[in-house]
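Given these sequences and hints, build the entire structure.
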Amino acid sequence: MNNHRIGIITVLYNSMSVLSDFINSCISQEGVNYKLYCIDNNSSDGTIEFLESYDNLNIKIVKNRKNYGFAKATNQGIKIALEEKCYYILLINNDTIFDKNMISTLLMDLQRYNGNYISPKIVDFYNPNIIAWSGGWFSFWRAYANIARGKGEIDNQQYETVEETQNAPFCCVLFQASCFNKNELLDERFFVYWEDVDWCYNAFKKKLRLLYTPNTKIIHKESSLTGMFSSFKISQLAEGRAKYLKKNFGYFSKFFFLPLVVATPFKLLLTKKISISLFFKYIIKYING
Numbered sequence: 001m002n003n004h005r006i007g008i009i010t011v012l013y014n015s016m017s018v019l020s021d022f023i024n025s026c027i028s029q030e031g032v033n034y035k036l037y038c039i040d041n042n043s044s045d046g047t048i049e050f051l052e053s054y055d056n057l058n059i060k061i062v063k064n065r066k067n068y069g070f071a072k073a074t075n076q077g078i079k080i081a082l083e084e085k086c087y088y089i090l091l092i093n094n095d096t097i098f099d100k101n102m103i104s105t106l107l108m109d110l111q112r113y114n115g116n117y118i119s120p121k122i123v124d125f126y127n128p129n130i131i132a133w134s135g136g137w138f139s140f141w142r143a144y145a146n147i148a149r150g151k152g153e154i155d156n157q158q159y160e161t162v163e164e165t166q167n168a169p170f171c172c173v174l175f176q177a178s179c180f181n182k183n184e185l186l187d188e189r190f191f192v193y194w195e196d197v198d199w200c201y202n203a204f205k206k207k208l209r210l211l212y213t214p215n216t217k218i219i220h221k222e223s224s225l226t227g228m229f230s231s232f233k234i235s236q237l238a239e240g241r242a243k244y245l246k247k248n249f250g251y252f253s254k255f256f257f258l259p260l261v262v263a264t265p266f267k268l269l270l271t272k273k274i275s276i277s278l279f280f281k282y283i284i285k286y287i288n289g
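Residue numbers (the numbering used here): 1 to 289.
Note that these hints are calculated values from the structure, not bench results.
Do not rely on the hints blindly, as some may be mistaken.
[Unchecked claim] Pairs of lysine-lysine residues, derived as BS3-like cross-links and limited to a Cα-Cα distance of at most 30 Å, are as follows:
| # | residue 1 | residue 2 |
| --- | --- | --- |
| 1 | K205 | K233 |
| 2 | K85 | K60 |
| 3 | K267 | K247 |
Structural data, given as structure tokens:
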């Protein structure tokens, strides 16, 4: 067993529907010394009561009196984990499922390949043969958004090399705790979405090494709690993207990149995944963001 403690941080908001699989995945982990920090954003669906039923010393529950959003709640967990001398920090969504060796494999590859932080292969819950993420990059032609390699592809083991990459969604990322000294905490101006892209972009500029490993994976129930194409998610994506561009590339960048930004919701509109009203809501929220 690796004796360096890993602080596992997950943010909850009415997460009862996905929590059982997640908690069971966590407490089944082998070969690691961990503590699970559950930061609850004022859930009202029995989430807290369910967590308390475990009566597990490795689970610490933080109860917020309001919904502070993902970034602020995650920072709460990071600060507590650092205060309690965690050597590594794992940020992970609670709508995920993983096997008993997931964390130990992440840790082993992080150390073996000399990374600062690392993420596993991510596959789709509804079709585990489909890749959701297997490495990610920034691109000018996507307005410096996160491009997920392999997204939507059948997993034929075509991305089976541990390698350096540029960005990863924070649904499962293991960090050396020192990362949060070398780079800032998450920017709390983002309520949910884009805070991970923003953090990775700044870490990339500071030359922190992010690794992708295919040696373990998580199954992700993407947007199971916020809704895949809900009005809330569309609004947060639009506002977050505008904030990300203004912060990192200047105020007028959100207008410069507007044609590239519009391409994403326009594609969703053409494929009838969002309505015309949601399409225009995205544009308005983005411009005002």
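Hints and how they fare:
1. K205 x K233: 28 Å, holds
2. K85 x K60: This hinted pair holds, its Cα atoms lying about 15 Å apart.
3. K267 x K247: At roughly 26 Å apart (the allowed maximum being 30 Å), K247 and K267 satisfy the hint.
Checked against the numbered hints listed earlier, the structure breaks none of them; every hint is satisfied.
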